[in-house]
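K.L.:
Based on the sequences and whatever the hints tell you, model everything.
Protein chains: 2
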Amino acid sequence: MNSLAEENYLKALFTLAAKNNGEVSVNDLSRHLDIKMPTVNSMMKKLTTKKLVYYESYKPLKLTEKGKKEAALIIRKHRLTEMYLVEKMNFGWEQVHEIAEQIEHIKSPEFFAKMDELLGYPQIDPHGSPIPDKNGKMIWKEYKKLSECTKGSLVKIAAVINTSNDFLKFLNEKEIHLGLKMKIKSIEPFDKSVIVSYPKHASETLSPTVSERLLVEKV
Amino acid sequence: MNSLAEENYLKALFTLAAKNNGEVSVNDLSRHLDIKMPTVNSMMKKLTTKKLVYYESYKPLKLTEKGKKEAALIIRKHRLTEMYLVEKMNFGWEQVHEIAEQIEHIKSPEFFAKMDELLGYPQIDPHGSPIPDKNGKMIWKEYKKLSECTKGSLVKIAAVINTSNDFLKFLNEKEIHLGLKMKIKSIEPFDKSVIVSYPKHASETLSPTVSERLLVEKV
DNA sequence: CTAATATGTTAGATTTATCTAACAATTATA
DNA sequence: TATAATTGTTAGATAAATCTAACATATTAG
Numbered sequence: 026m027n028s029l030a031e032e033n034y035l036k037a038l039f040t041l042a043a044k045n046n047g048e049v050s051v052n053d054l055s056r057h058l059d060i061k062m063p064t065v066n067s068m069m070k071k072l073t074t075k076k077l078v079y080y081e082s083y084k085p086l087k088l089t090e091k092g093k094k095e096a097a098l099i100i101r102k103h104r105l106t107e108m109y110l111v112e113k114m115n116f117g118w119e120q121v122h123e124i125a126e127q128i129e130h131i132k133s134p135e136f137f138a139k140m141d142e143l144l145g146y147p148q149i150d151p152h153g154s155p156i157p158d159k160n161g162k163m164i165w166k167e168y169k170k171l172s173e174c175t176k177g178s179l180v181k182i183a184a185v186i187n188t189s190n191d192f193l194k195f196l197n198e199k200e201i202h203l204g205l206k207m208k209i210k211s212i213e214p215f216d217k218s219v220i221v222s223y224p225k226h227a228s229e230t231l232s233p234t235v236s237e238r239l240l241v242e243k244v
Numbered sequence: 026m027n028s029l030a031e032e033n034y035l036k037a038l039f040t041l042a043a044k045n046n047g048e049v050s051v052n053d054l055s056r057h058l059d060i061k062m063p064t065v066n067s068m069m070k071k072l073t074t075k076k077l078v079y080y081e082s083y084k085p086l087k088l089t090e091k092g093k094k095e096a097a098l099i100i101r102k103h104r105l106t107e108m109y110l111v112e113k114m115n116f117g118w119e120q121v122h123e124i125a126e127q128i129e130h131i132k133s134p135e136f137f138a139k140m141d142e143l144l145g146y147p148q149i150d151p152h153g154s155p156i157p158d159k160n161g162k163m164i165w166k167e168y169k170k171l172s173e174c175t176k177g178s179l180v181k182i183a184a185v186i187n188t189s190n191d192f193l194k195f196l197n198e199k200e201i202h203l204g205l206k207m208k209i210k211s212i213e214p215f216d217k218s219v220i221v222s223y224p225k226h227a228s229e230t231l232s233p234t235v236s237e238r239l240l241v242e243k244v
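Going line by line, the protein sequences match chains A and B.
Per the working numbering, the first sequence starts with residue 26, numbered consecutively.
Per the working numbering, the second sequence starts with residue 26, numbered consecutively.
Possibly wrong hints are sitting among the right ones.
Any copy will do: because identical chains look the same in the list, a pair fits if it lies in one copy or spans two.
The calculated EDC-like cross-link candidates involving lysine to aspartate or glutamate, where the alpha carbons are at most 16 angstroms apart (straight line), are [stated by the list, open to error]:
1. Lys113 with Glu142
2. Lys139 with Glu112
3. Lys139 with Glu123
4. Lys75 with Glu90
5. Lys113 with Asp141
6. Lys176 with Glu213
7. Lys208 with Glu173
None of these hints come from the bench; they were simulated from the model.
Every value quoted in this text rests on a predicted model; they were computed, and no experiment measured them.
P.N.:
Shown next, in the form of structure tokens:
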């Protein structure tokens, strides 16, 4: 079992690696965690003996497969918690990060399995970030909300957040489905409505309520 | 801010003190926490310098007012968590203790305030144990479920668990209210129904569903 | 009331996670 | 390319929470 400190190093390695094609420097980690380099250095030796990190002096740090899996499971707990707090406890997104930073270290598979169940086994969180499954596997895309895209871009619908029946019915009526490609014609400056076009629909206006719930990828 | 270890000592002191009129020995604590006496001894010195415990060599340990308050707040978090897990996440009572032991250490007043709100500000948990309020104040009785009482005993209704409208309506119809005194005439051996008598009701049969939700005190 | 037993204390060691100071290797730059 | 700047490592110190061994005080029993 990993300590709280070890878990934080694993998580940091995982997220930093995502930005730097799998390689992380001691200095990056040190700054990211606000922990001095010698401390990071010795923790890396420790994680190496635990086969979680692959480390050679003066070379970049890499997570082993085991390390990646354990990190993904912590991130899973973090994202499930955030989503649970927002969806089931009515917190605002800006409030949940700090709480999730603590709850992600709770040791209880049942607790997170229950959250997962109550949330309907989501694969993507409402920021468009993937939620690893209980084996640490995840979709390797980071999606963007339609509401965050810029005028002129061509995007593909990748996922939908908070699939209430009413929302799904709405999408059906508008003939919006996964994989659909659409072009952003313009964005209404006043209320941030997004005006899009796609096959059989030369111009549709999507309110922020809708564009916040559609996750897309650039094409 | 207290460390996780310190919080566990405070909680243990509080619960042990409840059984021994406020005084706890180093040995009791040591056995209860499964931590060796010298460790407990030095932690008590530390908590004394933090004004949480009053300690003199070879004398029993006592929590200060400050210590009692901080302990009560941890117990509040524990009991709210247990209740939340059962009522809102469909856990069984036997599953929640371990999870609550971890969640009680989460630092986030907002998180527990939200649980409290979603549970309707309960003052007593479904075991009949009081839940301290956010100032650490609590009702100083431990109630028993009616279902746990024995034949012949005279009891007073002290609290009601899980106050659904249907249940309150039922109690109204039967003229059962807080403060009502009733005698337990007998207990049906087969299904554990409780047969009671009280003013204007010479004999009422209460099913386990009901007797599990009525908390009483002996008179 | 003494001796045996139980309880409590002190001293010093260990582990984990952190730090600072000093030194070494690598990378960037003049 | 030589040197300066950055990055990484080693050595040793510190604080928290635990332990064991040895000793001291209290309590209980004969």
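K.L.:
Checking Lys113 and Asp141: alpha-carbon separation at most 16 angstroms within a copy, between copies, both or neither?
P.N.:
both (12 angstroms within a copy, 14 angstroms between copies)
K.L.:
Check Lys139 against Glu123 for me: Cα-Cα at most 16 angstroms, and say if that holds within a copy, between copies, both or neither.
P.N.:
For Lys139 and Glu123, only the inter-copy Cα distance (15 angstroms) is at most 16 angstroms; the intra-copy one is 21 angstroms.
K.L.:
Pop the pair Lys113 and Glu142 into one bin, within, between, both or neither, using alpha-carbon distances up to 16 angstroms.
P.N.:
both (12 angstroms within a copy, 13 angstroms between copies)
K.L.:
How would you label the pair Lys208, Glu173 (within, between, both, or neither) given a Cα cut-off of 16 angstroms?
P.N.:
Intra 14 angstroms, inter 67 angstroms, cutoff 16 angstroms: intra-copy only.
K.L.:
How would you label the pair Lys139, Glu112 (within, between, both, or neither) given a Cα cut-off of 16 angstroms?
P.N.:
both (14 angstroms within a copy, 13 angstroms between copies)
K.L.:
Is the C-alpha distance from Lys75 to Glu90 at most 16 angstroms within one copy, between copies, in both cases, or in neither?
P.N.:
Intra 12 angstroms, inter 45 angstroms, cutoff 16 angstroms: intra-copy only.
K.L.:
What label fits Lys176 with Glu213 when the C-alpha limit is 16 angstroms: within, between, both, or neither?
P.N.:
within (10 angstroms within a copy, 74 angstroms between copies)
Consistency note: the structure conflicts with none of the earlier hints.
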